[in-house]
Amino acid sequence: DQQVKQNSPSLSVQEGRISILNCDYTNSMFDYFLWYKKYPAEGPTFLISISSIKDKNEDGRFTVFLNKSAKHLSLHIVPSQPGDSAVYFCAASIGSWGKLQFGAGTQVVVTP
Amino acid sequence: NAGVTQTPKFRVLKTGQSMTLLCAQDMNHEYMYWYRQDPGMGLRLIHYSVGEGTTAKGEVPDGYNVSRLKKQNFLLGLESAAPSQTSVYFCASTGLYEQYFGPGTRLTVT
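Same order as they appear, the protein sequences are chains Z and X.
So in our numbering, spot 8 of the first sequence is number 202, and the numbers just go up one at a time.
So in our numbering, spot 44 of the second sequence is number 49, and the numbers just go up one at a time.
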């Protein structure tokens, strides 16, 4: 029973353009959401998070949008850079200290 | 400040053998976690600990045991390895708002 879903296993985008990654969740109790980035042979690293009391959070080139009624969040990367090529995981928890449920990940490839 | 470290980085086991994976963190975090990552499935929680001397089951605990004798260390044990336990294992500890992950252990069971 996967409570966090990333339905796009891969995404290819040109350098300088916007990357949009999507994530859906089924558990309405989730109130804290995170995005992690993972390079090959490394552990995931934290990228950005959002609490359910907000609908948007920005950090430099990264913006996360949360639509609670649709149980949907998205990560926008603008502009995309070659170093952004990685696997991106969406995760959700109940409370910021709760156990994380991860999506399956989206492989992003940024082409020159 | 090394963050979260894992030992070993790679290991090949035969079916039925046992081994222990070691996770260490130097950030004084209370909460620690063990995950496994399999293709197309994201990270799944095996066991976790909310403090020294405590452990609890996660989503996929069968075939694994854990111990947290010291706050900075979290051990994951496989008593009798099976091919289904071939995976990449990640340890993590929780800071204020996010989990910090180790570099992973790639385990192959033949």
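It is possible that part of the hints are untrue.
Label-pair restraints from in silico Cβ distances [unchecked claim]:
(1) Q22/X x Q197/Z: 28 to 38 Å
(2) G45/X x S268/Z: 39 to 49 Å
(3) Y102/X x S263/Z: 46 to 56 Å
Coverage of chain X stretches by chain Z, computed from C-beta distances (three or more under 8 Å per stretch; other residues unrestricted) [said to hold, decoys possible]:
(4) 45 to 59
(5) 103 to 114
Hints in this document: simulated from the structure, not taken from any laboratory.
We put the beta carbon where it would ideally sit given N, CA and C, even for glycine.
To see whether the hints hold, each was checked on the structure:
no.: 1; hint: Q22/X x Q197/Z: 28 to 38 Å; result: holds, 34 Å
no.: 2; hint: G45/X x S268/Z: 39 to 49 Å; result: violated, 21 Å
no.: 3; hint: Y102/X x S263/Z: 46 to 56 Å; result: violated, 25 Å
no.: 4; hint: 45 to 59; result: holds (count 7)
no.: 5; hint: 103 to 114; result: holds (count 7)
Comparing the model with each numbered hint stated earlier shows that hints 2, 3 do not hold.
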